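K.L.:
Could you put together the complete structure from these sequences and hints?
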Amino acid sequence: MSQPLPPASPLSPPASVAPALKGMALLRLGFRPFYLLSALLACVSVPLWIGVFIGHVPWDLELPALYWHAHEMLFGFAAGVIAGFLLTAVRAWTGRDTARGPLLGTLALLWLAARVAFFVAPYPVFAALDVVLLPAVAVILLRVLIQAGNKRNLPLIGILLLMSAANLVFHLSAMGAITVPVMASLYAELALILMVISVMTGRVVPMFTKNVTPGLVITIPRKFDLTLLAVTAVALALWVVSAPAMLTLVACLLAAALHAVRLYQWHPQVTLTRPILWVLHLSYLWMPLGFVLLAMAQLGWVSDSIAVHAFAVGVIGGLIIGMITRTARGHTGRPLKASKGEAIAYALVLIAAVLRTIVPAIEPQYYLRCLEVAAALWAVGFAIYLVIYTPWLTRTRLDGKDG
Numbered sequence: 035m036s037q038p039l040p041p042a043s044p045l046s047p048p049a050s051v052a053p054a055l056k057g058m059a060l061l062r063l064g065f066r067p068f069y070l071l072s073a074l075l076a077c078v079s080v081p082l083w084i085g086v087f088i089g090h091v092p093w094d095l096e097l098p099a100l101y102w103h104a105h106e107m108l109f110g111f112a113a114g115v116i117a118g119f120l121l122t123a124v125r126a127w128t129g130r131d132t133a134r135g136p137l138l139g140t141l142a143l144l145w146l147a148a149r150v151a152f153f154v155a156p157y158p159v160f161a162a163l164d165v166v167l168l169p170a171v172a173v174i175l176l177r178v179l180i181q182a183g184n185k186r187n188l189p190l191i192g193i194l195l196l197m198s199a200a201n202l203v204f205h206l207s208a209m210g211a212i213t214v215p216v217m218a219s220l221y222a223e224l225a226l227i228l229m230v231i232s233v234m235t236g237r238v239v240p241m242f243t244k245n246v247t248p249g250l251v252i253t254i255p256r257k258f259d260l261t262l263l264a265v266t267a268v269a270l271a272l273w274v275v276s277a278p279a280m281l282t283l284v285a286c287l288l289a290a291a292l293h294a295v296r297l298y299q300w301h302p303q304v305t306l307t308r309p310i311l312w313v314l315h316l317s318y319l320w321m322p323l324g325f326v327l328l329a330m331a332q333l334g335w336v337s338d339s340i341a342v343h344a345f346a347v348g349v350i351g352g353l354i355i356g357m358i359t360r361t362a363r364g365h366t367g368r369p370l371k372a373s374k375g376e377a378i379a380y381a382l383v384l385i386a387a388v389l390r391t392i393v394p395a396i397e398p399q400y401y402l403r404c405l406e407v408a409a410a411l412w413a414v415g416f417a418i419y420l421v422i423y424t425p426w427l428t429r430t431r432l433d434g435k436d437g
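So for the sequence shown, our numbering puts the first residue at 35; every next one is plus one.
Bear in mind the hints are in silico, worked out from the structure with no lab data behind them.
Note that the coordinates shown come from a computational prediction; the quantities given were computed from them, not determined experimentally.
Positions of the beta carbon are idealized from the N, C-alpha and C atoms, including for glycine.
Be aware that a few hints might be false.
If you anchor each label on the Cβ, the simulated ranges turn out as follows [to be verified]: (1) V393 to G89: 46 to 56 Å; (2) S339 to W93: 10 to 20 Å; (3) L432 to L137: 20 to 30 Å; (4) P156 to P215: 35 to 45 Å; (5) T261 to P136: 40 to 50 Å; (6) E96 to F258: 43 to 53 Å; (7) W93 to K185: 38 to 48 Å; (8) T253 to S339: 31 to 41 Å.
Distance condition first, Cα-Cα at most 27 Å in a straight line; then the derived DSSO-like pairs of lysine-lysine [stated by the list, open to error]: (9) K371 to K244; (10) K257 to K244; (11) K374 to K244; (12) K435 to K371; (13) K244 to K185; (14) K257 to K185.
P.N.:
Right, dumping it as structure tokens:
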């Protein structure tokens, strides 16, 4: 007769039962609070800015509304998403926790406090709160990468620190402490974000595309990618420092050509039936378009603003709405397949990019109306994200795992 099994130890659950998860679901991984807060800012701040711009909303704050709008889109919205993405990605790359629980909550509250402080506190208080987040995230990620021996991703820390420096320059310029033009720091931040995007899309977009397309082979020579990154950096640097127009024009056209070739190598035609993929490919299409528009701006054919918004709305906005859906689905244990609501959100953001850039460039008389409609579409697109994802990001993963 077989011997009875010994009773299970009261100190540990059976092996088949996952250990109880600790803490609020919202604070278990970086993408959760930062994606929600950034999407909320996208919904609220753009309509507010348009209301101020067309004269419907009064503005008597110390910082001009244009600078606030540009700063919040770059250092609030985009930087918030980047922080959430990297806090999540570095954990996946290294298998080590980055920030969670009280530490993650502190980072999220710091981001939120800066957004609120602009309206209710003296400007130096806003500036002080605002400049702390990115260096703090950089230090946290640097520590994890060093502990894990992950040297490949250390350049991303350098970019985060450069973004922090651009933010500091912005605030010092706005307060009159230095004579650097305020817009130069904003252009520098836009350029750094585009560099982060150039690096990360080169890693994830072809991988995502191959994973769901049987038999598809995508091979991008490392030399090509390094050349693309170098030319992109040079073109953006020349633009930021206001180099001679013809030099910037040539560099921008070369960058546009390289990004177009890269997109072609990703086989975008295979994504047409998969919204969660085509949003990434269509958004990346704005990268070569943006550089072409930036080249045209050197000749005075279009305004710098048109090119800037091709990057800001088309590239950054489109890729963000695509990535914060895909990564949130994956990290909450859901299928990597966009719903009809998400596909509509993708379309709204990308149509907003067309209305903000291409239509005014061709038909300038419709500029104000295009701005109004583009702002509305943008806000609705990110509102759809909030409606769908707020319940998911504030609850435990479907599979019960941590994260």
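K.L.:
Compare the structure with each hint and give your call.
P.N.:
Hint check results:
no., hint, result
1, V393 to G89: 46 to 56 Å, "violated (22 Å)"
2, S339 to W93: 10 to 20 Å, "holds (19 Å)"
3, L432 to L137: 20 to 30 Å, "holds (25 Å)"
4, P156 to P215: 35 to 45 Å, "violated (23 Å)"
5, T261 to P136: 40 to 50 Å, "holds (44 Å)"
6, E96 to F258: 43 to 53 Å, "holds (47 Å)"
7, W93 to K185: 38 to 48 Å, "holds (47 Å)"
8, T253 to S339: 31 to 41 Å, "holds (38 Å)"
9, K371 to K244, "holds (15 Å)"
10, K257 to K244, "holds (21 Å)"
11, K374 to K244, "holds (23 Å)"
12, K435 to K371, "holds (20 Å)"
13, K244 to K185, "holds (26 Å)"
14, K257 to K185, "holds (19 Å)"
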